[in-house]
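*Asks:* If you want the building blocks of each chain, they are given just below.
Protein chains: 2
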Amino acid sequence: MVGTKRKTIIPKAAVARILFTTGAKRVSADGVDAFTEILETITLEIGHQAARIASHSGRKTVQEGDIHLAVKK
Amino acid sequence: MVGTKRKTIIPKAAVARILFTTGAKRVSADGVDAFTEILETITLEIGHQAARIASHSGRKTVQEGDIHLAVKK
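Listed in order, the protein sequences are those of chains A and B.
For the first sequence, this note's numbering assigns the number 367 to the initial residue and increments by one for each residue that follows.
For the second sequence, this note's numbering assigns the number 367 to the initial residue and increments by one for each residue that follows.
Pulled out of the complex, with its shape left as it was, chain A reads as follows:
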């Protein structure tokens, strides 16, 4: 598709794959879009939190513990 730009960070194909894994027989395009958007919101929120926790601990590297702590918050 010429002139179209990717707007999501999470690949939609992966999201559709997950939906099929969970037992969906068919998935509407709107459904995939909505799911991708929601996952991205959750993901970015956790990511921001984890980055903040790492930098608060004086680290430049985000580690496993930062992620777990970010999820709890």
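Since the hints were derived computationally from the structure, they do not count as laboratory data.
A few of these clues could be false.
[Said to hold, decoys possible] Think about it this way: if two alpha-carbon atoms lie no more than 27 Å apart in a straight line, the pair counts; the simulated DSSO-like pairs of lysine-lysine are:
{"hint": "1", "chain 1": "A", "residue 1": "Lys438", "chain 2": "B", "residue 2": "Lys439"}
{"hint": "2", "chain 1": "A", "residue 1": "Lys439", "chain 2": "B", "residue 2": "Lys426"}
{"hint": "3", "chain 1": "B", "residue 1": "Lys378", "chain 2": "B", "residue 2": "Lys391"}
{"hint": "4", "chain 1": "A", "residue 1": "Lys378", "chain 2": "A", "residue 2": "Lys391"}
{"hint": "5", "chain 1": "B", "residue 1": "Lys438", "chain 2": "A", "residue 2": "Lys373"}
[What the hints assert, rightly or not] With the Cβ distance kept under 10 Å, some of the chain B side facing chain A (calculated, not the full set):
{"hint": "6", "residue": "Ala400"}
{"hint": "7", "residue": "Glu406"}
{"hint": "8", "residue": "Ile408"}
{"hint": "9", "residue": "Gly413"}
{"hint": "10", "residue": "His414"}
{"hint": "11", "residue": "Ala416"}
{"hint": "12", "residue": "Arg418"}
{"hint": "13", "residue": "His422"}
{"hint": "14", "residue": "Val428"}
{"hint": "15", "residue": "Asp432"}
[Stated by the list, open to error] Label pairs and their in silico Cβ distance ranges:
{"hint": "16", "chain 1": "B", "residue 1": "Asp396", "chain 2": "A", "residue 2": "Arg383", "range": "18 to 28 Å"}
{"hint": "17", "chain 1": "A", "residue 1": "Ser423", "chain 2": "B", "residue 2": "His422", "range": "44 to 54 Å"}
{"hint": "18", "chain 1": "A", "residue 1": "Lys439", "chain 2": "B", "residue 2": "Lys378", "range": "38 to 48 Å"}
{"hint": "19", "chain 1": "B", "residue 1": "Ser423", "chain 2": "A", "residue 2": "Lys426", "range": "43 to 53 Å"}
{"hint": "20", "chain 1": "A", "residue 1": "Arg425", "chain 2": "B", "residue 2": "Ser421", "range": "43 to 53 Å"}
{"hint": "21", "chain 1": "A", "residue 1": "Thr427", "chain 2": "B", "residue 2": "Lys373", "range": "17 to 27 Å"}
{"hint": "22", "chain 1": "B", "residue 1": "Ala379", "chain 2": "A", "residue 2": "Thr387", "range": "44 to 54 Å"}
{"hint": "23", "chain 1": "A", "residue 1": "His414", "chain 2": "B", "residue 2": "Ser423", "range": "18 to 28 Å"}
{"hint": "24", "chain 1": "B", "residue 1": "Lys426", "chain 2": "A", "residue 2": "Lys439", "range": "36 to 46 Å"}
{"hint": "25", "chain 1": "A", "residue 1": "Leu435", "chain 2": "B", "residue 2": "His422", "range": "34 to 44 Å"}
{"hint": "26", "chain 1": "B", "residue 1": "Arg425", "chain 2": "A", "residue 2": "Lys426", "range": "40 to 50 Å"}
A virtual CB, placed ideally from N, CA and C, is assigned to each residue, including glycine.
Using the hints, position chain B against chain A.
*Replies:* Then chain B, alone, in the frame of chain A:
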């Protein structure tokens, strides 16, 4: 890598990309693994719920509304 099998549905590269987007300067391999695992748990849970809602409504197709409802639960 011969003999290794992909264990996650969500590609780890995408997860790492998201972490960098959120301001992480470096990310440990453990951090990416942990984040991927957590996202997958959340995602599969929402997916299962959405598939159940669609099938409960007598549809084979998972639609946008199913996803939104699944997220609320």
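*Asks:* If you take the shortest Cβ to Cβ gap from Ile408 (chain B) to chain A, is it below 10 Å?
*Replies:* holds, 6 Å
*Asks:* Using the C-beta atoms of Ser423 (chain A) and His422 (chain B), is the stated range 44 to 54 Å upheld?
*Replies:* holds, 46 Å
*Asks:* Using 10 Å as the Cβ threshold, decide whether His422 (chain B) counts as touching chain A.
*Replies:* violated, 12 Å
*Asks:* Taking the closest Cβ pair, is Gly413 (chain B) under 10 Å from chain A?
*Replies:* Holds, because the Cβ-Cβ distance from Gly413 (chain B) to chain A comes to roughly 3 Å (cut-off 10 Å).
*Asks:* Between Arg425 (chain A) and Ser421 (chain B), is the Cβ distance one that fits in 43 to 53 Å?
*Replies:* holds, 46 Å
*Asks:* With 10 Å as the cut and Cβ atoms as the points, is Ala416 (chain B) at the interface with chain A?
*Replies:* Cβ of Ala416 (chain B) sits 7 Å from chain A, so the hint holds.
*Asks:* Taking the least C-beta to C-beta distance, is Asp432 (chain B) closer than 10 Å to chain A?
*Replies:* holds, 7 Å
*Asks:* Does the beta carbon distance between Thr427 (chain A) and Lys373 (chain B) stay inside 17 to 27 Å, or does it fall outside?
*Replies:* holds, 23 Å
*Asks:* For the hint 18 to 28 Å, verify it against the beta carbon of His414 (chain A) and that of Ser423 (chain B).
*Replies:* violated, 35 Å
*Asks:* Holds or violated: Lys438 (chain B) and Lys373 (chain A), Cα atoms, limit 27 Å.
*Replies:* Status holds; Cα separation ~24 Å.
*Asks:* Holds or violated: the hint that Glu406 (chain B) contacts chain A, with Cβ atoms closer than 10 Å.
*Replies:* holds, 8 Å
*Asks:* Given the range 40 to 50 Å, decide if the beta-carbon distance of Arg425 (chain B) to Lys426 (chain A) lies inside it.
*Replies:* For Arg425 (chain B) and Lys426 (chain A) the Cβ distance comes to about 48 Å; the hint holds.
In the structure shown, a violation is registered for the earlier hints numbered 2, 13, 18, 22, 23, in ascending order.
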